[in-house]
Every structure is written in C-alpha cells, then in structure tokens.
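The chain contents come next:
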Amino acid sequence: MTGRLIDFSEGDSVEITGFDFEGDTLALLESRGLRKGKKVTVVARQPFGPYILHVSGTRLALGRKMVSGIMVGSYDK
Amino acid sequence: MINNVVLMGNPNVGKTALFSEMTGTEAQASNYPGTTVDILEGRIEHGNDVFNISDVPGTYSLEAGNDAERIASEMLEDADVVVNVVDASNLERNLGLTYEIAEKDVPMVVVLNMWDEVDEGEISPEALSEELGVPVVTTVARDGRGVEEVVSVIGSASVPSLGDDGRWDWAEKVAGRVSSVGEKGFKGRLSDFTVRPVTGIPFALAVMALSFFAVRFIGEGLIGNVFDPFFQVVYRPAVTWLHGVVGDGFLGSVLVGELVDGEIRFMESMGALTTGVYVPFAAVLPYIIAFYSVLSVLEDSGYLPRLSALADGIFRKLGMGGQGVVPLFLGMGCNVPGTLATRNLDSYKHRFIAITLLAVSVPCMAQTAMIFGILGSYGIRYVFLVFIVLALTYVFTGVFLRLAVDADSEGMVLELPKLRLPDFGSVFKKTFIRSKWFLREAVPYLVLGIVLVNVLYVLGVMDAFGSLFSPLVVNIFGLPSAAVPALVIGFLRKDLAVGMLMGLGMSPEQLVIAATILTIYFPCAATFATMFKELGFKDILKSVSVMFLVVFLVGSILRVVLL
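Residue numbers (our numbering), protein chains in the order written: chain A, 1 to 77; chain B, 1 to 563.
Just so you know, the hints here were simulated from the structure itself, not pulled from any lab data. Warning: the hint list may mix true and false statements.
Below 30 Å or equal to it, Euclidean Cα-Cα: the simulated BS3-like pairs (lysine-lysine) are [stated by the list, open to error]: (1) Lys173/B with Lys39/A; (2) Lys187/B with Lys429/B; (3) Lys36/A with Lys173/B.
All values derive from a computational prediction rather than experimental measurement.
Go ahead and model the full structure; you've got the sequences and the hints to work with.
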C-alpha cells in the first residue's frame, strides 16, 4: 500500500518513498532523520495538531502540513 | 597551539551541562531543545595550556538556515578544536552534524554524552573512534562523569576521516556499524502514553494540576514554617528597635515606613528595611523556590516538549505553535527568561506574538505570590478570578494577534527528548541559581522602589500623578485615586506594586481589577529592557500599543461586571 503519511493511523509502520519538498524544508526533515528509505511508525495523531512519529529510535512531532507532503509505502517487517 | 575550543552539537545533547562542568560556571541545562540561545564563554587551564571554551547554540546543520546555524558556522571559523557533543542514544542523527564539521577540516574530539541512557553493549566507543579516527570519550555531563577525560584528550584531537558516501548515508552506515539503540521497554511505552491524545491530554492536565498544588504546598509551607516565623521572632525586634532610634521623620519613613495601628506591618509599612526586605525574602522567595523546583523537574524529565506537541493545535490558533509552551512556563517564573526563550520559535512573527502575550497576560512568580498574598485572605475564588481573566486575555489577544500579523507557518518540527528521571542534584542546583538570580535582580529594585515611593510622596509628585491619572483610574477602572502610585511603581517592580494595593481600603473586587490591570498595562523595567533588545524600537511600540488597548478593554469590562 502506498500513499501519503497523513492518511495513516496510529500504530501504522511505513517506509518513506518521497517528498513534496525540496531545498531548506527537505534538508530540515533529513536532519531530523526523515529520509527516503527510512522506516517510520505513527505513534499518535494530535487533534488539529502534529503527528508524533517514531523514526531511527527517536520520537518526532511533525506538523500536518509537513506530514501531508511525505509519500510512503508499506514494507516487509 | 590550541586556544579556541568550541562545543558543538545538535540541540539538547548536553553541551551546556558539559560546558558548565568543564568551566565551573553556573550555566543552566534543561531537557528540551534550545536551552542555549547565546554563546557562553569560559576559560580552563590544563597543564601548561589555557583553553578558551565556547558553548554555541545547538544546531542540526552548518548550512545557515537560522540564527543558531549561522552562529555555529561563524564560530567554527575561529575554532582550533571542536568538541562535538553527541547524544549517545541518537547516534545516526547526531553524526549528520559530525560529517559537516569534518568537512571543514577542523580537528575534533567526539563526546558520547548521556552515556547512562545507553544499555551495556548497545554502542562501542572504541569502534566509533576507529571509524572516525578521532578520540571518543563517554560522559554523563550533568553529573560530571567523564568530563576530566574530555579536557585531557583535547590535545589529541584530529580531523575525522570520511568515506565517499554522502552525509546521511555515511551517518547511517557508521551508526549501524557501532550501535543499536532506541527508547524501548517501559520508558518507550510511557513516552508514547504521554503523547497519545486519549491518554496524553488527561495526563497533561494531571501534571499541571499537580504542579500547581506542589508550588502552593511548598511555597506556603516555607512561608508558614520558615520565613515568616523568622521575620516575626528574629527580625521584628531588630526593626522595632531601629524605629525607636530613627523615629518618625523622613529617615524613619524611608527605612522603617509607616506604623499601621501602632505597629510595623511588613507588607504595608513601605519601609526599605521592612517591606523592602520582607516582600522579596518572606513573601516571594518561598514561591520562587517552589516554582523553580517544580519547573526544573518538568524541564529535566523531558516532559515540556511533549506538552508542546499536545498543545500545538491550540497554540497555533494563538499564532505561535506548541513551542510557545516553554516561554510561557519560563515566563511564569520571570518574564525575562521567558522572553529570551522565544528565540526557539519558528518565525519572528511567532516571537513577536509570544513576547507580547507574555508581557500582557503572564504574571511572574513574584507577582503571583503577591496576588495570593493580597487576595488569598478574601477567598481563593478571587485569586482564581484574576488568573481566569488573564488566561482569557492570553487566548483572545493571541487570536487577535495571529490574524493581525498573519502568523501561520509550516507547522511543528520538534524532536521529543527521551523521558528521564530528574537528577535531584541538578534540580537543586538550577533552583539555587535561579533563586539567587531573583534576589540579585529583585532586592535592589524593591529597595530602590520603596525609597522612590517615599521621596516622591515627600516631593508631592505622587499627589500630582494621582490628580493626573485619577480620572482614568477612577472612571474607567473603578479604582480609588490612591491606587495610582501602585500603577506608577508597577513600571519598576510588579510585586511591590501589588503589595502597595494593600491598606488602601479597596474591596476584593477592586483588588481583582487592580491586580489584573497591573499585569496587563506594561511590563516591569527588566522585562521591558529585554523586550526592547529582542523586538527593537518599532515593534516594541506595536507591542506596547497592544498592552494599552487590552488594558482599557479588560479593565473596563471588569469594572462593568464586578462593580
């Protein structure tokens, strides 16, 4: 299954396949560990607020606009 | 010859704690990103060498995308050695910066900090040292473990060797070869529990309620059992004797103040040695100690960023994002550090809003303590009324400012640090440093304020102010003209100004109005100076205009509703 990270629910684990962003925004996400090929788990979705993601052993709060620009696909666990 | 040693690393990896331990200074560290907003500098001697140590704000990159990254890049140009501080439990992301520093060909030492959070065998410092070709030292900077070794290897620093991979591929491969860490087990589950809305929001409400009651319990306990008995039993006879010596003249009036019903009243007499000493030490300091103890526990536990994430949806409606939680909490202690902490917000517009909201509707702990002092005896509902009005003012002013300055943004990108049990030595140290800072800042202003009040009364200036502002204070806010001097002194110290409201024969409703408008109309001198530094002339004018607008609105609404 592929899609955008914003469409996934609490507990879902996916692999990042691409971004709508480039330049500074992409560099910002990469510096926080969000890169193509990385496995991400959705820990929580705040009502009207950020998603909490688990990536590379850390937890990251990421705003919805950012989350909606991240393309993901399922992967073999 | 090594002169300049620069501590660099991602935010919240313990650079400031390491700096503090290396240099013996009193810099404060906390468990959330962006504690350091300025460059800290110190000096250490090691054998025949003298090192100038600089702690720069944490950064994820050297590509100057924000102030912290620009400062880090500039500092690197003059560095002889970089001490690259790395969060041992988050190696891959931290190595991204290591790669960029290595590209600049500056000799480096790598410090694997927070070593106590890594289980045995999860990471090999020897393997990392071999991979990078530089000395690697393990530390727990907040209690000083390993810090001496860091100093001793600075002379052996070397330029790391990088492979042909790009930055992140390199970081991932190196981290993969030398480590396998992550927040797992109970701590991992607790971490998730605190950020899931269903469990996290009730948990946050419980934490805030518990914090409030802890501050009250500790503060009142210290006043009732330690500070007030000391003043009544030991200090009162001394100032009573002094009053007998200096009499009721001008000197007596300045030093001891007015007698109320024939006796010295520490809160009301308005003498430099009575009210000027009692207010900071016995009425405010206990709450300062209580508040900063609780805040330090919250900071060091790593909970505040989780609160930021939970509150982001609401705070974004107020124009600043969830990161506004940290300045808000710090501002409840003192608006000065609260104002400085806004440097971590996403944009200047967010900072402007956060700074203005702090000045408009967040009383510092000294003022809060005095509000409890003057209104508590009439019933806790009056105290709550002040804070509910201020909270509503915060919300409505925030919404107005968001729309007025168009402060929408891309949204939050915030790393949540690992939860950890606070170290009580660190909590005590931070509380001690902050309480000392409060006394150093507050006592001179309070004594000066009291001397000024007495001099202005003698010169008739207070009466002139009273006549000038009386129509405003009496007709719009419904207060007696005798409240004007308190509003004037509020420019200097808010806690003293609140104290001056006692003994004016005001009803509790009038005290609620006075305490509320004292918070809103203008910040104290120290906060105003900091705001000026952060916002500049043009924007501080805008901010002050907002304060005046809000104080008229809130003051007149309260008058209509309460009187």
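Now for the hints, and whether the structure bears them out:
Among the hinted pairs, Lys173/B with Lys39/A is consistent with the structure: their alpha-carbon atoms are about 15 Å apart, no more than 30 Å. For the proposed pair Lys187/B and Lys429/B, the alpha carbon gap of about 26 Å is at most 30 Å, so the pair holds. Restraint check for Lys36/A and Lys173/B: the C-alpha separation of about 15 Å stays at or below 30 Å, so the hint holds.
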